[in-house]
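Number of protein chains: 2
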Amino acid sequence: MIVSALLTSVGINLGLFLLYVVLYSVLRKQPHNLKIYSPRLLADGKLSAEGGFAIDSLLPSPGWVRAAWAVSEDDLLASCGLDAVVFIRIFVFCLKVFSVAGAIGIFILLPINYLGDQLRDTDFSDIPNKSIDLFSISNVKDGSNRLWIHFSAAYLITGVVCYLLYSEYKFIYHKRLDLFHTSGPQPQHFTILVRGIPIEDGSSINDIVHRFFMEYHPSTYLSHIVVHRTSKLRTLITDAEKLYGRLTHLKSRSHTSENLRRSGFLGFGKKVDVVGDYSKKLEDAEENLRIAQSGVSQAGEEVPAAFVSFKSRYGAATVAHIQQSINPTLWVTEQAPDPHDVYWPFFSTSFMKRWISKLVVFVASVALIIVFLLLVTFVQGLTNLEQLEAFFPFLKSILTIAVVSQVITGYLPSLILQQLLSVVPPIMKLFSSMQGFIANSAVEKSACSKMLGFTIWNIFFANVLAGSVTSRIQIFFDPKNIPLVLAVVVPAQASFFIAYVVTSWASLSAELTRLFPLIGDWIGRHCSGSTDGVHVPSIPYHSAIPKILLFELLGLLYFLLAPLILPFLLVYFCLGYIIYRNQLLNVYLPKYETGGKFWPIVHNSTIFSLLLMQAIAIGIFALKKLPLASGLILPLPVLTLLFNEYCRKRFLPVFVAYPAESLIKKDREEQNDPEMNVFFNKLVTAYLDPALMPVRHPVTTNDQNTPLLSSA
Amino acid sequence: MIVSALLTSVGINLGLFLLYVVLYSVLRKQPHNLKIYSPRLLADGKLSAEGGFAIDSLLPSPGWVRAAWAVSEDDLLASCGLDAVVFIRIFVFCLKVFSVAGAIGIFILLPINYLGDQLRDTDFSDIPNKSIDLFSISNVKDGSNRLWIHFSAAYLITGVVCYLLYSEYKFIYHKRLDLFHTSGPQPQHFTILVRGIPIEDGSSINDIVHRFFMEYHPSTYLSHIVVHRTSKLRTLITDAEKLYGRLTHLKSRSHTSENLRRSGFLGFGKKVDVVGDYSKKLEDAEENLRIAQSGVSQAGEEVPAAFVSFKSRYGAATVAHIQQSINPTLWVTEQAPDPHDVYWPFFSTSFMKRWISKLVVFVASVALIIVFLLLVTFVQGLTNLEQLEAFFPFLKSILTIAVVSQVITGYLPSLILQQLLSVVPPIMKLFSSMQGFIANSAVEKSACSKMLGFTIWNIFFANVLAGSVTSRIQIFFDPKNIPLVLAVVVPAQASFFIAYVVTSWASLSAELTRLFPLIGDWIGRHCSGSTDGVHVPSIPYHSAIPKILLFELLGLLYFLLAPLILPFLLVYFCLGYIIYRNQLLNVYLPKYETGGKFWPIVHNSTIFSLLLMQAIAIGIFALKKLPLASGLILPLPVLTLLFNEYCRKRFLPVFVAYPAESLIKKDREEQNDPEMNVFFNKLVTAYLDPALMPVRHPVTTNDQNTPLLSSA
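So the sequences go chain by chain: A and B.
So the first sequence is numbered by our numbering: it starts at 1 and just counts up by one.
So the second sequence is numbered by our numbering: it starts at 713 and just counts up by one.
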């Protein structure tokens, strides 16, 4: 790619980005779009969808940027939870890292690269037609002493990143503990989940659980709820909800048509019949459901799993952490998740089944990665005009036009890649949910790790390693040569990744404008006439975090090789910081609170990026005929791994379980609190399967938001 | 190696073995050798060293074999502990495995190999001059369908080994739990070790520990003992003990000279002076020691570590398993070892120091392996006569004699190897003791793992992989080709390993005759005239177990390749079974009881052997041009790993910690036992550093055995 192609790409994407932002700042002010752009505030009752038309609502304004910027971290914590803060801290962390890296890269490494004369005739004119490679390390002369500056930069950036990682980990570790210390009593801290309850003839699981805990933990045991197999019930509930949705829709239409549109599609008399019809059906469905519920909760269908609650946090923690049974596959305990966070469909799996499904999911994930690789191979071909012409000979005439060819090489491949990528997170989430996790948060955390592996492999490795699927995998069977191979292929793809970063600006703004929900809502309103009420989404961490971490990986790798990428990355992180703050405050409602458990993933991924950077540095100094530098880089990965190991020991345990000190302190604080009795009374039923709760579909109500919100 | 050379080697070793055994059966009956061959019984008072000379004590007799055979496993458990039973079960397990493997190998695989015609002209005469390779898989024709029998054998033996592993693991798991359930209250179950106690100004560690446990665990906390830095004290004690040893020696000599030998080296008058001199010195030393002890126990020199005892097993276990402090590097808890098993010198190491020393030890172990590799390379050269002649040209004329060359190729290399190997276990134990383990048993367990790695690498890999150190290591950087490379080189070394197994018979009998202690005792008695009292050794599991596991590895690998090794292995395991039973009953006194914690090492090593066998099978079928079989072996390692994973989940947790069910049951049984108060009173001082105990060196006593036994 030459400089002018890069500039074209920057131009297109900047234009698209600005277009989106202007669109957003206009659209967000339209009252009927509030449920797209501020569903959270609307649901909280802080905004109302009513309001007339005003001329200034058609003028773009940057007020939302100021609002997003102004919110303090404490406010963010209060309104969105620690997970959101951690998410935003990823941007802050990357901004800090790449400010330092950018300063070194642009003001020191880039000039040195450009002044090298490995690749070019030494004239400074006509920069637009120069290859971007002139700004990369490839242009430094082999064996030049200037490479020692790159060498120092590798050490410097590793030091900076490790220091920032440490302080960030420490910060989140303290936040996590603070959150625990300041929060009131929460069911998940008093409750554990027991699986693998041994079934005895003649006793119900209910009795077995009661007997076991009364025998071994009589002083702390409070109550328990045995889990039931409720998949059938859930189907019935979904059916009832569908009926209810259709009914409220019909009613609202009759309501609107009375007020606004006198002529509906249906006559008035007929409409009443339809409503009555649906009311009847709904009543039948609910009756069926009630019968089924009482059947399930009284008789069999018990699953050998139970939520067991204790009188103190420490009591629950001891039972969760000590192996209970002589047979370690029975009475398997773990800390329970938040009651809202429980992933109910998981419960049908036994110890062996969960274990096998883990294996199946692993194989399926690998298969997905390989299938995707074939797609990426094709997309990658688009960057080569010659290959493209070979594929589609009829394009030959069009491709000779300069602009078209620049658009295609600079923009199209990354666009296709990004679209393909958007299909993967739901699949990965599905895989994770099959693994037997007990909480939605655990499913998303696992999906996040899977997506990270997928992203790094399929976006990074698949693009830098040329050739067929097998030839790509083969370099990992030859570990000795990995640094050398990477040092050859990674710099070669610098221009692709610069283009990829630039394209991502537009995708960030697409996050802002929420085009798909907007179009969906528009179609809903204008075609079927339905106004579905406010749907408040939760932020999909499992697809958002790996994306950011990929950019961090790219930044760290190309810092040494092609520092030209850094300013574009800085722009990305700045935009992301503002946009996601805005979205977290206005759009997303947190579905769960893991207390910052996503940070260890970020930490590990950053360590991986550093190690890869160092491996490539070893390779590149060897290639550049400076073997001494190549050898002297070797202590760096060792030090990085030691640093990582220290962080694992120093911070990670608190992200796995709370320490006894905190648990006992909290227990003691509340010992004489009269409100604890109220809490314990609630705790007894906190983990009741929602499918077994009485159904409340008030047929007479007109409030359409409540049921949807409560199920969100 | 040809068959006749093998037979020579068998002859030599069988002869040596029988010689040793005859020697043993005579020597063991001499009264003055009782302290070499039955020190345990002597120390227990079951035998006395007195007794006259009888003529039949000069005749060899096999009575000891019958005695060793007759002892039941329960008796062995009662007298030697579970670790000894586990040790003997390794032999039993190997005997079971190789009975099956031997039957298949000798009666099915060996004839098939011999009837193949890849290597030879088909005549059945002159077997002694045939190469051993004719009995190996190399002789089967490429692509022959007979290889499918080898293929089935690979599946069959994997199934047999896994079944036996499972039942063995289950057996030891039950034994371990039974031992716990039937044993009385033991200090280690009620006590934990806390390290990383935060130091505050103005408070002693004693106070800090007391305050912490009184605050967080008031209901279960019993007492604690802070650890002191006692290395100086230990030096003083050693000095005092040396003085005491010399004194008792002098006294015994005066005693003996009065009774038996009237003329000593020294006159009577002078002798009294020496004794008085030493008594004076000893008294001074003990006085110094007492002053130093009171200084250490009262004032500073406290180490931020303490043994904390609890009122119940479950109380101790909860504290041990739950992270105590907000900072995970402080208040680090773990279950305490048996008071006799505490490795006192460890306590000077902090969290960071322990961590760094672990790293240093890892590097040192790897360095040791590499240094040793150079030695092995040399030894390996001895099997090639040509190479030997090149090294030592002057040997040329001797080497032409057939017997000499056969001895050298068949016997010498393995003898040198075994002698070199005997130096390594102490070094590995030293390394392990530097790692900061708190118990002797943990040090030996870690040394056992290290030795296993060392043995497998330096005896197996170093011998099969030819070439320089770097070229040997390089095959692990090319994992794809490992099966193929191994399939080429492993069969080629079959004769070396058969010779190695045969040589080991003699080394087993050396274990029986205990030549070094015998000679040491003989020199002591006849030259310096000292009779040092009975020294009861403990069995060095860390050097004995890896040796057996190496033979298991060889057996499993060569089962497919060269089944000729199997009968020799079976002989080895039979002899080992008898000899070690005898030694455990008569010689070794268990120093500690881990409750079978060595078994997981055996299990993992067997799984590794299976995987290696399967990898080589993949390679050999590929080499033999039967790619379908090579591919169909692939599910086997996957299944083996799954089996291993299942065992890890099913059995391993109990080897790490006892389950709550057992702990609480035991606690409850003893709740109203009046003897528990006595136990708790003892528990308070159970973990006092022996260096701080009052010194008892009764200058007037003549009983020489007591002090040495009590310190053993």
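These are computed hints drawn from the structure, not numbers from a lab.
From a predicted model like this one, the values you see are computed outputs, not experimental measurements.
Do not take every clue at face value.
[To be verified] Below, a list of computed lysine-lysine pairs in the DSS-like style, where the Cα atoms sit at most 30 Å apart:
#1 Lys665/A <-> Lys1023/B
#2 Lys1377/B <-> Lys649/A
#3 Lys1377/B <-> Lys311/A
Holds or violated: Lys1377/B to Lys311/A, with C-alpha atoms at most 30 Å apart
Between Lys1377/B and Lys311/A the Cα gap is close to 22 Å, so the pair holds against 30 Å.
Within a Cα-Cα threshold of 30 Å, do Lys1377/B and Lys649/A meet the stated pairing?
violated (34 Å)
Tell me if the straight-line CA distance from Lys665/A to Lys1023/B falls inside 30 Å.
Holds, because 22 Å separates the two Cα atoms, which is no more than 30 Å.
When each numbered hint is compared with the structure, a violation occurs for hint 2 only.
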